[in-house]
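Undergrad: Given next are the chains, with one letter for each unit.
There are 2 protein chains.
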Amino acid sequence: MTNLARPYEWGNIPLYVQVASSLRRRIELEHWKPGDKISTIPELEKEFGVARVTVRRAIELLHNEGLISRQQGRGTFVAKGIKKNRWLELEVSLSTLVKFIEDQVPKFIEAKEAPAPNLGLFEGVLDDDYVYLKSIQSKNREPFGLVSVHLSRRIYDLAPKAFREQAALSVISHLDGLSIGRAHQTLIIGTAEVETARYLKTAVHSPTAEFHCVVTDGDDVAIYVAEIIYRGDCIKLDIEFKHNLSMPRD
Amino acid sequence: MTNLARPYEWGNIPLYVQVASSLRRRIELEHWKPGDKISTIPELEKEFGVARVTVRRAIELLHNEGLISRQQGRGTFVAKGIKKNRWLELEVSLSTLVKFIEDQVPKFIEAKEAPAPNLGLFEGVLDDDYVYLKSIQSKNREPFGLVSVHLSRRIYDLAPKAFREQAALSVISHLDGLSIGRAHQTLIIGTAEVETARYLKTAVHSPTAEFHCVVTDGDDVAIYVAEIIYRGDCIKLDIEFKHNLSMPRD
DNA sequence: CTCAATTTGTTCGTATGTATG
DNA sequence: ACATACATACGAACAAATTGA
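Chains A and B, in that order, give the protein sequences. When we follow the numbering used here, the leftmost residue of the first sequence carries the number 2, and every step to the right adds one. When we follow the numbering used here, the leftmost residue of the second sequence carries the number 2, and every step to the right adds one.
Derived from the structure by calculation, the hints contain no laboratory data. Please note that the accuracy of each hint is not assured.
For chains that are exact copies, the list does not tell them apart, and a pair is met inside one copy or across any two.
Cut-off 25 Å, straight-line C-alpha distance, at most; resulting in silico cross-link-like pairs (SDA-like, lysine to any residue) [claimed, not checked]:
| # | residue 1 | residue 2 |
| --- | --- | --- |
| 1 | K47 | E29 |
| 2 | K162 | E211 |
| 3 | K85 | E124 |
| 4 | K237 | E194 |
Put together the whole structure using the sequences plus the hints.
TA: Dropping the structure here:
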């Protein structure tokens, strides 16, 4: 009657990694705050239903990450100098999104092969030809986003140099005489593949936020089709509702 | 010069699980469509830089999930009858959110201990006393959301029976003479802990979407404070931007 | 100061899983 | 399918540091 998956029964992820994740999470969510003493090893043994060695390996992982400190005879404590995750506040209006993006300096990387741009229903029609741009967004030298953009070649040719130096959305917003039809974005949650994980300097399998963003011109032709993969641990979405709670009946 | 992490270098997840994830993803994103022949084992060996047995174990995982079929001498193919993930379209306006929630039948579970409700900045002030309600949201008998609600006891006492049978937000919206101040929601991405994973019938460590939702009354007192954890693989957020792309300069 | 309880650190033996060639 | 090497997990026992009675 253990609480945890038997080894490799549930997604085949090592037990001590699972335990470490649970503990890491409690620290990140401040269930245990810096300086706090966390549960003792025997307590964790019982709680997770695993052997002592397994708990110790989990704790060792967190120790190597600098999240905790250990003292024989006293206990295990949350480290004090841990830097809080500063969230990227993603805005829900497009102009603030552009503003947010303008602060970032994209580092362009060479793209191997361009997959065909993928449009959903009601997201416009494809243009004749696209330029494929791939870049990494960073903050404090820490990469947090992997961007793959399909940019209509018509648009690209209007300012090829700018598009190779700045974020495409930002350039588009500054182009004169370009009419924007609609802008639509969807978010799904995924996990980092090997290549993605390498670019974002995160673990394979760690959660990600994947944005699919489409901007069309006045004729409903998709001029900007982007896939942006953000590290899950630096994304926070704020939604302020209008006060219309009182009349959902009609 | 392998493409993959050496065993346990990167997050300590078994190689064949990593390979399987990559392949699963290609199928989910329709890089390989149902009926398609996927890369041969020698090709995958080379691409990921792993041994033959490792590739075969990855493929075996997917086979057990019913995602692929194998034929000796022909190749490996994406299974035809795979059911697509039907997304929960989460709306960004509150009344449609309530409408969405009203379709769901919550199954209440008994809560062990109530953690103190957690308010962020600008999310109002705490009421004197709260009732703690915990429930599971399901669709087609598949659980997808784990809800923990702190409900102001003042509000709860207005319709205790309803609050024990229906979703709290829905009940609130139908209460007469209750003025709503603000409603605010934030979304972060996390991973499923042991208990959460059990309720949502998903793997420990699988990605989740965690909503923190606060509704205040006219006096800025928080009457509804909820933590909702959704399975990551059934959440999709749609954001339609207003056409205001042209003037982010000022 | 000593003793006992608590808590982390270390080690052994064994069984099974993972990965290579 | 086989041989090899290493990683994961269990249970149990013992050692060392800290704390408070």
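Undergrad: Each of the hints needs a verdict: does it hold here or not?
TA: Do the hints match the structure? See the list:
1. Only within a single protomer do K47 and E29 lie at most 25 Å apart by alpha-carbon distance; the minimum there is 22 Å, versus 38 Å between protomers.
2. Proximity of K162 and E211 under a CA criterion of 25 Å is satisfied in neither setting, with 27 Å inside one chain copy and 41 Å between copies.
3. Taking the closest pair of Cα atoms, K85 and E124 come within 25 Å of each other only across two copies (20 Å); inside a single copy the shortest separation is 38 Å, beyond that limit.
4. Within a single copy, K237 and E194 get their C-alpha atoms as close as 21 Å, and across copies as close as 20 Å, so both meet the 25 Å cut-off.
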